[in-house]
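I would like the entire structure built from these sequences, with the hints used as guidance.
Here the numbering used here is used: the first residue of the sequence shown is 1, the next is one more, and so on.
Heads up, a few of these hints could be off.
[Unchecked claim] No farther apart than 25 Å at their CA atoms in a straight line, the calculated lysine to any residue pairs in the SDA-like style are these:
{"no.": "1", "residue 1": "Lys35", "residue 2": "Leu89"}
{"no.": "2", "residue 1": "Lys54", "residue 2": "Asn68"}
{"no.": "3", "residue 1": "Lys56", "residue 2": "Leu81"}
{"no.": "4", "residue 1": "Lys13", "residue 2": "Ile69"}
{"no.": "5", "residue 1": "Lys42", "residue 2": "Asn68"}
{"no.": "6", "residue 1": "Lys12", "residue 2": "Leu89"}
{"no.": "7", "residue 1": "Lys33", "residue 2": "Glu73"}
{"no.": "8", "residue 1": "Lys54", "residue 2": "Ser17"}
{"no.": "9", "residue 1": "Lys56", "residue 2": "Val4"}
{"no.": "10", "residue 1": "Lys42", "residue 2": "Ser15"}
{"no.": "11", "residue 1": "Lys41", "residue 2": "Pro66"}
{"no.": "12", "residue 1": "Lys13", "residue 2": "Lys56"}
{"no.": "13", "residue 1": "Lys57", "residue 2": "Leu89"}
[Claimed, not checked] Listed next, with one range per pair, are the computed distances between beta-carbon atoms:
{"no.": "14", "residue 1": "Lys57", "residue 2": "Ala3", "range": "15 to 21 Å"}
{"no.": "15", "residue 1": "Lys29", "residue 2": "Glu73", "range": "43 to 49 Å"}
{"no.": "16", "residue 1": "Lys54", "residue 2": "Gln30", "range": "32 to 38 Å"}
{"no.": "17", "residue 1": "Asn72", "residue 2": "Lys29", "range": "28 to 34 Å"}
{"no.": "18", "residue 1": "Ala3", "residue 2": "Thr88", "range": "17 to 23 Å"}
{"no.": "19", "residue 1": "Phe26", "residue 2": "Glu73", "range": "33 to 39 Å"}
{"no.": "20", "residue 1": "Thr88", "residue 2": "Met1", "range": "21 to 27 Å"}
{"no.": "21", "residue 1": "Lys54", "residue 2": "Arg90", "range": "30 to 36 Å"}
{"no.": "22", "residue 1": "Asp78", "residue 2": "Lys35", "range": "33 to 39 Å"}
{"no.": "23", "residue 1": "Asp32", "residue 2": "His2", "range": "28 to 34 Å"}
{"no.": "24", "residue 1": "Gly53", "residue 2": "Phe26", "range": "17 to 23 Å"}
{"no.": "25", "residue 1": "Glu73", "residue 2": "Glu34", "range": "38 to 44 Å"}
{"no.": "26", "residue 1": "His2", "residue 2": "Glu48", "range": "14 to 20 Å"}
{"no.": "27", "residue 1": "Pro80", "residue 2": "Phe26", "range": "24 to 30 Å"}
Hints are computed from structural coordinates only; laboratory data are not their basis. Heads up, the beta-carbon is just placed ideally off N, CA and C, and yes, glycines get one too.
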Amino acid sequence: MHAVAGTLAEAKKHSASNALFMVHTFVTKQIDKEKFKMNNKKLNDFVEVISSGKYKKIIEGEILGPFNIAGNELIPPDIPLYIGKLTTLR
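Here it is, written out as structure tokens:
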């Protein structure tokens, strides 16, 4: 949530009309597979909540949205947010 809030705050700072939050994961032989699965589940849960159940999970390489996030004086409620996911195998 913190990173999404920061993305929206930066979008506001730069007078952007849209914001994109991209999760980029680098997968190596040393990756903890259980943590990787848990992080993916948490990301999917987050997307499901902010989309009010419209999206159940992020599909690799796709961008979902727009999402309208309830904001405040720092986080703008009027900038559409998009979320994507990309994994790089190393």
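Hint by hint, here is what the structure shows:
Simply put, Lys35 and Leu89 have alpha-carbon atoms about 16 Å apart, close enough for the 25 Å limit, and the pair holds. For the proposed pair Lys54 and Asn68, the alpha carbon gap of about 13 Å is at most 25 Å, so the pair holds. With a C-alpha separation of about 17 Å, the suggested pairing of Lys56 with Leu81 holds against the 25 Å cut-off. Using a Cα cut-off of 25 Å, the hinted pair Lys13 and Ile69 holds, with the two alpha carbons roughly 16 Å apart.
A C-alpha spacing of about 20 Å is found between Lys42 and Asn68, which places the hinted pair at or below 25 Å, so the restraint holds. Distance check on the hinted pair: Lys12 and Leu89 sit about 33 Å apart at the alpha-carbon level, beyond 25 Å; violated. Note on Lys33 and Glu73: the hinted pairing is violated, with a Cα-Cα distance of about 39 Å set against a maximum of 25 Å. Between Lys54 and Ser17 the CA atoms are separated by roughly 23 Å; this keeps the pair inside 25 Å, and the hint holds.
Taken as a hint, the Lys56 and Val4 pair is honoured in the structure, with Cα atoms around 18 Å apart against an allowance of 25 Å. A hinted pair counts as satisfied when its Cα atoms are at most 25 Å apart, and Lys42 with Ser15 does not qualify at roughly 30 Å. Taking the CA atoms of Lys41 and Pro66, the gap is about 21 Å. The hint holds against a cut of 25 Å. A hinted pair counts as satisfied when its Cα atoms are at most 25 Å apart, and Lys13 with Lys56 does not qualify at roughly 31 Å.
Restraint check: the Cα-Cα separation between Lys57 and Leu89 comes to about 20 Å, which is no more than 25 Å; the hinted pair holds. Lys57 and Ala3 have their C-beta atoms about 18 Å apart, which keeps the hinted 15 to 21 Å range intact. With their beta carbons about 46 Å apart, Lys29 and Glu73 fall inside the hinted range of 43 to 49 Å. Remark: the range hint 32 to 38 Å for Lys54 to Gln30 is upheld by a beta-carbon distance near 35 Å.
At about 43 Å, the CB distance of Asn72 to Lys29 disagrees with the hint of 28 to 34 Å. The hinted range of 17 to 23 Å is satisfied by Ala3 and Thr88, whose Cβ atoms lie roughly 18 Å apart. Range check, Phe26 to Glu73: Cβ separation about 35 Å, and the 33 to 39 Å hint holds. For the hinted restraint 21 to 27 Å between Thr88 and Met1, the CB-CB distance of approximately 24 Å keeps it satisfied.
Remark: the range hint 30 to 36 Å for Lys54 to Arg90 is upheld by a beta-carbon distance near 33 Å. Hint check: Asp78 to Lys35, Cβ distance near 35 Å, so the stated range 33 to 39 Å holds. In this structure the supplied range 28 to 34 Å is violated for Asp32 paired with His2, their Cβ-Cβ distance being about 22 Å. Against the hinted window of 17 to 23 Å, the Cβ-Cβ separation of Gly53 and Phe26 comes to about 30 Å, which falls outside the hint.
Glu73 and Glu34 have their C-beta atoms about 39 Å apart, which keeps the hinted 38 to 44 Å range intact. A C-beta distance of roughly 19 Å is found between His2 and Glu48, which places it inside the suggested range of 14 to 20 Å. The supplied range of 24 to 30 Å is met by Pro80 and Phe26, whose beta-carbon atoms lie about 28 Å from each other.
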